[in-house]
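Number of protein chains: 2
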Amino acid sequence: MVTRLEVTDVSSAVACCAPLVREPIGQTDAEQLAVTLKALADPARLRLLSIVASSEDQEACVCDLIDPIGLSQPTVSHHLKVLTEAGFLTRSKRGTWAYYRLVPDALQQVSGLLVSA
Amino acid sequence: MVTRLEVTDVSSAVACCAPLVREPIGQTDAEQLAVTLKALADPARLRLLSIVASSEDQEACVCDLIDPIGLSQPTVSHHLKVLTEAGFLTRSKRGTWAYYRLVPDALQQVSGLLVSA
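Residue numbers (the working numbering), protein chains in the order written: chain X, 4 to 120; chain Z, 4 to 120.
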């Protein structure tokens, strides 16, 4: 099932606020962080992100992402788009294929919001 | 709007797997982590968790959680239940009121899955 998500990017979600445990997060900041977490909160997206993140140079060709996930190419592309729009991946086209690369520090920034620095 | 979520607890989500960037996460582990992240990925739940987490002793009375959030008592109770079932909060009843306390290390465990240790 493909769900539609409103997306934001990690850096705007993180620029916003102190870690959750330090002071109460405001409504606007909570909305932004929730959108970022929703982009992560899907098994297929976690698997895709994890394959890219653990690949050499933290980059992978979309051609190598479809088989391991066991979903259709359009569904995989949708999930990659959500992760890209949320600021976790960047996309570049080289020849026939698109390549996805982990955005340095994107996961660290989200992680840093959940816990005290 | 109140949504229903399938919930799991943080410790079972985290016992599961190496950080996302170290090796590709498997389907079962990804499903568990997604459920945990979904429990967090809601503005009202992030605000509630943040109020509890930043309170003295990381504990708060439900009576002090309703006004700041600006939602009805049943909706607030629903969100607190989701956070409790997901393993982020524990609930205890003292006198008339229920008190919610942050589970130590629950946020750190999720955070630790997103990044390299």
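You may find that some hints are simply not true.
Partial chain Z-side listing against chain X, Cβ under 8 Å, derived [as the list claims (entries may be wrong)]:
no. : residue
1   : Pro-46
2   : Leu-52
3   : Ile-54
4   : Val-65
5   : Ile-69
Here are a few chain X residues that sit away from chain Z, every Cβ distance over 12 Å (derived from the structure) [stated by the list, open to error]:
no. : residue
6   : Gln-30
7   : Lys-41
8   : Pro-46
9   : Arg-50
10  : Arg-94
11  : Ser-95
Estimated spans, in silico, between C-beta atoms of each pair [claimed, not checked]:
no. : chain 1 : residue 1 : chain 2 : residue 2 : range
12  : Z       : Asp-60    : X       : Gly-98    : 53 to 61 Å
13  : Z       : Thr-93    : X       : Arg-97    : 49 to 57 Å
14  : X       : Gly-115   : Z       : Pro-107   : 17 to 25 Å
Worth flagging that the hints you see were computed from the coordinates, not collected in a lab.
Note that the Cβ used here is the ideal one computed from N, Cα and C, for glycine as well.
Evaluation of the provided hints:
1. Residue-level restraint check for Z/Pro-46 holds (minimum Cβ-Cβ distance to chain X is 4 Å; threshold 8 Å).
2. Contact between Z/Leu-52 and chain X, as hinted, is supported at the beta carbon level, the nearest pair being about 6 Å apart and thus within 8 Å.
3. Interface hint at Z/Ile-54: satisfied, since its Cβ lies 5 Å from the closest Cβ of chain X, which is below the 8 Å cut-off.
4. Given hint, Z/Val-65 at the interface with chain X, is violated; its Cβ is 15 Å from that chain's nearest Cβ, farther than 8 Å.
5. At its closest, the beta carbon of Z/Ile-69 sits 14 Å from a beta carbon of chain X; the interface hint therefore is violated under the 8 Å criterion.
6. Its closest Cβ contact with chain Z, about 6 Å, brings X/Gln-30 to no more than 12 Å, contrary to its assignment away from the interface.
7. With 12 Å as the threshold on Cβ separation, the claim that X/Lys-41 sits away from chain Z is violated: the shortest Cβ distance comes to roughly 4 Å.
8. With a least CB separation of 4 Å from chain Z, X/Pro-46 falls inside the 12 Å interface cut-off, contrary to its annotation.
9. Distance to chain Z contradicts X/Arg-50 as a non-interface residue, since its nearest Cβ pair spans about 5 Å, not more than 12 Å.
10. In this structure X/Arg-94 is separated from chain Z by more than 12 Å, as the shortest Cβ-Cβ distance comes to about 19 Å.
11. Listed as outside the interface, X/Ser-95 is consistent with that label: its C-beta sits roughly 20 Å from the nearest C-beta of chain Z, beyond the 12 Å cut-off.
12. Restraint check, Z/Asp-60 to X/Gly-98: a C-beta distance of roughly 58 Å satisfies the suggested window 53 to 61 Å.
13. Between Z/Thr-93 and X/Arg-97 the beta carbon distance is about 51 Å. The supplied range of 49 to 57 Å therefore holds.
14. A beta carbon spacing of about 18 Å between X/Gly-115 and Z/Pro-107 agrees with the range 17 to 25 Å that was offered as a hint.
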